[in-house]
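Asks: Residues per chain are reported as follows:
Number of protein chains: 2
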Amino acid sequence: MDPSHLPNKVLTSAPGKLILHGEHAVVHGTTALATSLNLRSYLELTANSSKVSLNFPDINLQGTWNISDLEETFRHLIHFGDNTMAFLDEEGVNQLKDFAGLSGDINTRNLAIIAFLYLYLCIFKSSASHSLQGMNALATSNLPTGAGLGSSAAFSASLVSGLLIFTGTLKVPHGRHDWTGEELELINRWAFEGEKVIHGNPSGVDNAVSVFGGALRYKSKAIEHLHKMPSLRVLLINTKVPRSTKILVAGVKDKLEKYPGVIKPVFDSIEDISQRCETVLSSLWGIEHDSFVEGATHNQFELYCTMEELIDMNQSFLKILGVSHPSIENVCTLTTEYGIHAKLTGAGGGGCVFALLRPDYPQEKLEMVTTKLKEAGYEAWVTSIGGVGATYHESVDDVYEKGFILPKPLET
Amino acid sequence: MDPSHLPNKVLTSAPGKLILHGEHAVVHGTTALATSLNLRSYLELTANSSKVSLNFPDINLQGTWNISDLEETFRHLIHFGDNTMAFLDEEGVNQLKDFAGLSGDINTRNLAIIAFLYLYLCIFKSSASHSLQGMNALATSNLPTGAGLGSSAAFSASLVSGLLIFTGTLKVPHGRHDWTGEELELINRWAFEGEKVIHGNPSGVDNAVSVFGGALRYKSKAIEHLHKMPSLRVLLINTKVPRSTKILVAGVKDKLEKYPGVIKPVFDSIEDISQRCETVLSSLWGIEHDSFVEGATHNQFELYCTMEELIDMNQSFLKILGVSHPSIENVCTLTTEYGIHAKLTGAGGGGCVFALLRPDYPQEKLEMVTTKLKEAGYEAWVTSIGGVGATYHESVDDVYEKGFILPKPLET
Chain A
1 MDPSHLPNKV LTSAPGKLIL HGEHAVVHGT TALATSLNLR SYLELTANSS KVSLNFPDIN
61 LQGTWNISDL EETFRHLIHF GDNTMAFLDE EGVNQLKDFA GLSGDINTRN LAIIAFLYLY
121 LCIFKSSASH SLQGMNALAT SNLPTGAGLG SSAAFSASLV SGLLIFTGTL KVPHGRHDWT
181 GEELELINRW AFEGEKVIHG NPSGVDNAVS VFGGALRYKS KAIEHLHKMP SLRVLLINTK
241 VPRSTKILVA GVKDKLEKYP GVIKPVFDSI EDISQRCETV LSSLWGIEHD SFVEGATHNQ
301 FELYCTMEEL IDMNQSFLKI LGVSHPSIEN VCTLTTEYGI HAKLTGAGGG GCVFALLRPD
361 YPQEKLEMVT TKLKEAGYEA WVTSIGGVGA TYHESVDDVY EKGFILPKPL ET
Chain B
1 MDPSHLPNKV LTSAPGKLIL HGEHAVVHGT TALATSLNLR SYLELTANSS KVSLNFPDIN
61 LQGTWNISDL EETFRHLIHF GDNTMAFLDE EGVNQLKDFA GLSGDINTRN LAIIAFLYLY
121 LCIFKSSASH SLQGMNALAT SNLPTGAGLG SSAAFSASLV SGLLIFTGTL KVPHGRHDWT
181 GEELELINRW AFEGEKVIHG NPSGVDNAVS VFGGALRYKS KAIEHLHKMP SLRVLLINTK
241 VPRSTKILVA GVKDKLEKYP GVIKPVFDSI EDISQRCETV LSSLWGIEHD SFVEGATHNQ
301 FELYCTMEEL IDMNQSFLKI LGVSHPSIEN VCTLTTEYGI HAKLTGAGGG GCVFALLRPD
361 YPQEKLEMVT TKLKEAGYEA WVTSIGGVGA TYHESVDDVY EKGFILPKPL ET
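Sequence lines, in order, name chains A and B. First residue of the first sequence: 1, per this note's numbering; consecutive thereafter. First residue of the second sequence: 1, per this note's numbering; consecutive thereafter.
These are calculated hints, taken from the structure and not from any lab test. Check before you lean on any hint, since a few could be wrong.
Any copy, or any two copies together, can satisfy a pair, since identical chains are not distinguished.
Said to hold, decoys possible - Pairs of lysine to aspartate or glutamate residues, derived as EDC-like cross-links and limited to a Cα-Cα distance of at most 16 Å, are as follows: (1) K255 x E309; (2) K258 x E308; (3) K221 x E72; (4) K255 x E302; (5) K258 x E302; (6) K196 x E90; (7) K255 x D312.
Using the sequences and the hints given, assemble the complete structure.
Replies: Right under this line is the structure:
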C-alpha cells in the first residue's frame, strides 16, 4: 500500500478473558473453557512526524522515544523469522529495556513499555516499507490489571490490530466487513509475541480469546475454538484481594500429592463440568441463532439451570482444591441471596468472581446486588462473555453503537 | 437368678451417633464412618407391684399399663426365635398399637411407646422366669430427637440394657467390670429389635454404635468395628432447620442421574476421605494409648490438620451433592472464623453440624464461638465422640464421675 494512503488515526479494541471452567485442573491435564470478556482494552494511534509515544493513563504511563534513535539502536538487532515476521532475540529485548531506561523491575508499566516498543519495532519492520514511522499511542482499558482477566493480552491484541492497520499490513475493515480468519491469525500471532515479551512462556489462551473472541477449549497445551458460543450476560466482581498465582498453583499440587485419592477424582469431575458446559453453550447458541444443534435441549430455562448448577458445583470443587478465599465465599453467598450463581475465575485466592445473569434477570435486582457488592468493598461490572474479539472502530461513535463502554481517556 | 435377688432399681445410659464421613455416599456403596456421640439417653427402672409405666418427660410422654392385661392380650402372640429371643410378628405389633390405644400416627411418642412395650414384653418373656413384672421406667435424653443423632437407638439401647439387668438376664457389672463382648452382642440384638419396631428397616448402624460405643465402618450393608477409635472433643451444633431425609436422598440420586460424570468421582473422593480418616483415627488412638500403630504418623498436630482438611473437603463435596443448606454454610463460616472446622453430619439440608476441637483449643474461644452460635439461633453442645457405649450406672453419682451430663429429670 502506498504510504501516503495510510490512515492518520486508527482506533481498535480487544476484549479480556474469563475462564468459565477448568482453572487449576487444566494444569493437571483437564479441559479449561476460556471466553472473551467484554471489558475491553482500547488503542488509538495517531500519526506523528518524528517521535513515537505511548500514553497509558490507567497505569500512569507516559513515554516518548525518537524514531531515529530506535532505528539506529535496533537496525542490526532485528531478525526475520520464516514467516517474514521481524523479531528481537533475547539480547535484543535486553537492549530494548536499556533503551527504555528500565531497571530490572518487572511491573505492569515496564512490561507494557517493552511490549509496546517490541511490537512497534517488529510490526513496522515487517511491513511493506520496513521503516519506522512516528505515531502517538493512547491506550486505555476497562479491565483491571493483574486480576487474571487477560488485560495484557487485550492490550497486545488492540495494539497489534492498530499497528497492522497503521502500517498498511492489514486493510481497514469497512462497514460490516470483519477481518478474515487469516487476518485474525496474523493479529493473533503478533499478539502472542506481545504476550511472550510480557509473560515469558504464555499459554496463548489469553491472546487467542482476545483476538478471536467467542470461546475456546484448552487442554494439554492445545487450543480449539468453540464454534457455537453464545453471548451471555455476566456480573463480574473483583474482590480486590491480591494473590499469587504461583503459590495457589503450588498449593493445588501439594494437595494432590497429600490426597491423591480425593483430588484426582475432583479433576475428573471438573473435566466433565467443562465438557457439559460446552454442550450447554452450543444449545444456547442454537436458541440464539434459531439453529438446530444436534442433541441439544432447546429449553432455555433448563439450560440456564444446568449452567448454574455447573457453576455452583465447580466453585465447591475449587474450594476443595484450596483456591477459594473468604472474600470469594462472601461474594458467592451474597449473589446466591439474589438468586444468581457465582464462581471464582482464574487463579482464585481472591481475584475475580463471575456470576451468570439470565436474560430475564430483573434490572432492579441487578442494581440491588451490585450496590450490595460495592458496599462490601468489591468492584462489580455488568458485562458479557463470548462476544467479538479484536475490533476496528471507524470512530468513537462506532464504539458506542456496538454497545461497548468507552473508558474515560477516549471519551469525546 | 432367683427373682428375689433382682435389683429394685437400675440406671443405664447409651450414647447417640454421629456420622463422621460418608453420609449420602453410603447409599451409593461408599464407606461411612459412624461414631458414638456422648450426648446420652438415660433410663431408670424401678420395681412396681402390678403395673408397668413409661415416663419420658422430654417428649411429654406418660403411659401406664396393667401387667395382667398385657399378659392376657399377648400370651398367645409371643413367638420364640432360634436364639430363644421372644418376638411379636406384624400382627402382634399391630395388636400392641391397639392395646396402647395409638392411632396410625407415626410420631416420636407413639414409636417410643410401641418400642418400649415391645421390648418390655419380649425381654421379660425371654428371661428365665418368662413372666412379666411391674416396673416404672423413667427415660430422659440429652439428644435432640429427629436430628439424625440416633436418639431412638440410644433410647432402645439404654432400655434394653436396663431390662436385661432388671430381668436378671445380664449380671450387674460391678466396679470397673464392663460387659463382655457376648453381653454387648445380646444388648445389640435387642436394641436392633427396638430399632426395627421404630424404623421398619434400619441399617443397624445406630444401635451398634450406641451399644458398643467407639466407631464403626459401614459399607454395602456390612458393619465392621474400628478397634482403634480415640475419644475426640467435638462441638455439636443443631441448626434446628427441619428436613426430610427421604427428599435429600432422592435429590442426590437425581443429581447422580443428571451429572454422573461429576457425581460418581465425588463418591470416589468421599470413599478416600473415609478411609483416610480411619487411618488418622488409628494414629490418634496410638498417641492416646501410647501404643505403636503400624504406618501411623505420631504427630498429633499434623493428624489434626489432616482431620480438619478432610472435614472441610467433605463439607464441600456434600454441598456439591446438594445436601448442604444456608444454615449449615453459616455455621461453617462462623466456626471457621474461630479456627475450627465443621461439616454437616447425617442427612444435611439443615439438621446437625459438628466441628472438631483440638485438645488444646482454648476454653475462652470455645465459649465465644458457642455464644455466637447460640446468638445466631442454633443449639450447641461441647461433647465428645468415640466414647463408651451402653453403660450401667451404680448410681447417679457414677454418671457424674464418668463426666457425663445428667439430664434434668434424673438430677437429684
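Asks: Hints first: check each against the structure and report whether it holds.
Replies: Hints, one by one, checked against the model:
1. K255 x E309: Answer is between: at 10 Å across copies they meet the 16 Å cutoff, but 25 Å inside does not.
2. K258 x E308: between (31 Å within a copy, 14 Å between copies)
3. K221 x E72: Classified as neither: same-chain Cα gap 39 Å, cross-chain 82 Å, threshold 16 Å.
4. K255 x E302: Classified as between; 14 Å across copies, 35 Å inside a copy.
5. K258 x E302: Only across copies: K258 and E302 sit 12 Å apart there, 38 Å inside one copy, limit 16 Å.
6. K196 x E90: For K196 and E90, only the intra-copy Cα distance (11 Å) is at most 16 Å; the inter-copy one is 78 Å.
7. K255 x D312: For K255 and D312, only the inter-copy Cα distance (13 Å) is at most 16 Å; the intra-copy one is 21 Å.
Of the hints listed earlier, the one the structure fails to meet is number 3.
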